[in-house]
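Asks: Okay, here's what each chain looks like letter by letter:
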Amino acid sequence: EAGVAQSPRYKIIEKRQSVAFWCNPISGHATLYWYQQILGQGPKLLIQFQNNGVVDDSQLPKDRFSAERLKGVDSTLKIQPAKLEDSAVYLCASSKDRGPYNEQFFGPGTRLTVL
Amino acid sequence: GDSVTQMEGPVTLSEEAFLTINCTYTATGYPSLFWYVQYPGEGLQLLLKATKADDKGSNKGFEATYRKETTSFHLEKGSVQVSDSAVYFCALSPQGGSEKLVFGKGMKLTVNP
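Protein chains in written order, with this note's numbering: chain G, 1 to 115; chain F, 1 to 113.
Hints were generated in silico from the structure; no laboratory data involved.
You may find that some hints are simply not true.
Claimed, not checked - Capping the alpha-carbon separation at 20 Å, the derived lysine to aspartate or glutamate pairs in EDC-like fashion look like this:
1) Lys52/F with Glu103/G
2) Lys68/F with Glu42/F
3) Lys100/F with Asp97/G
4) Lys15/G with Glu85/G
5) Lys78/G with Glu103/G
6) Lys100/F with Asp57/G
7) Lys105/F with Glu85/G
8) Lys44/G with Glu76/F
9) Lys100/F with Glu14/G
10) Lys68/F with Asp97/G
11) Lys68/F with Asp2/F
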């Protein structure tokens, strides 16, 4: 079974530029998560989707971050405009369904550097 | 709010040494508790979990017991190997069916032969 795919793996941009990350979850997984992991810290949930609907986006900085999962499969996370403090690894995870009994499977992440 | 505090590293051990990584949490009710591991160059993987008080999670020689009275979920292994070198994260999922994971800061472990 293929794992969670993310691209690109690395991205370097200048502040105020835009960037987009893509995630393809494990086939059949209804729930998709985006986490932000700043160096030296644990991952922090940005947004959670159930199929193509948003379950939790309370920690998403909506003035600059947006995410979509239009067909309930793959997802895109966008930052516009980027700030220096957005430098982090962006992790995508998926699970079969909602609930803590459904294991979250993580992708390899996209490392973003904002100069 | 919900939070996880775990022992800070980095930690370096010799092969076959005993490992303990402390983890305590703050949460209302009975959260589910997890240990995740991140091997060099790889994504986060679930190592073990416990969903109620006094449950013991175990996998690959690692164990952790959910202690409600001390709000702790310490990770232990009796004899570490070089292949256990990784970053270890303690995490919780709040009670009530929420699936959000709240992570600690992680601890880097290096095991030398």
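Asks: Each of the hints needs a verdict: does it hold here or not?
Replies: Here is how each hint holds up against the structure:
1. Between Lys52/F and Glu103/G the alpha-carbon distance is near 16 Å, which keeps this suggested pair within the 20 Å criterion.
2. Restraint check for Lys68/F and Glu42/F: not satisfied, since their Cα atoms lie roughly 32 Å apart, outside the 20 Å limit.
3. This hinted pair checks out: Lys100/F and Asp97/G have alpha carbons roughly 12 Å apart, not beyond 20 Å.
4. Between Lys15/G and Glu85/G, the direct Cα distance comes to roughly 9 Å. Compliance with the 20 Å bound is thereby established for this hinted pair.
5. Between the alpha carbons of Lys78/G and Glu103/G the distance comes to roughly 26 Å, so the proposed pair goes past 20 Å and is violated.
6. Using a Cα cut-off of 20 Å, the hinted pair Lys100/F and Asp57/G holds, with the two alpha carbons roughly 11 Å apart.
7. Between Lys105/F and Glu85/G the CA atoms are separated by roughly 17 Å; this keeps the pair inside 20 Å, and the hint holds.
8. Simply put, Lys44/G and Glu76/F have alpha-carbon atoms about 25 Å apart, too far for the 20 Å limit, and the pair is violated.
9. For the proposed pair Lys100/F and Glu14/G, the alpha carbon gap of about 31 Å is over 20 Å, so the pair is violated.
10. Restraint check: the Cα-Cα separation between Lys68/F and Asp97/G comes to about 27 Å, which exceeds 20 Å; the hinted pair is violated.
11. As the CA atoms of Lys68/F and Asp2/F are separated by approximately 15 Å, the hinted pair is consistent with the 20 Å bound.
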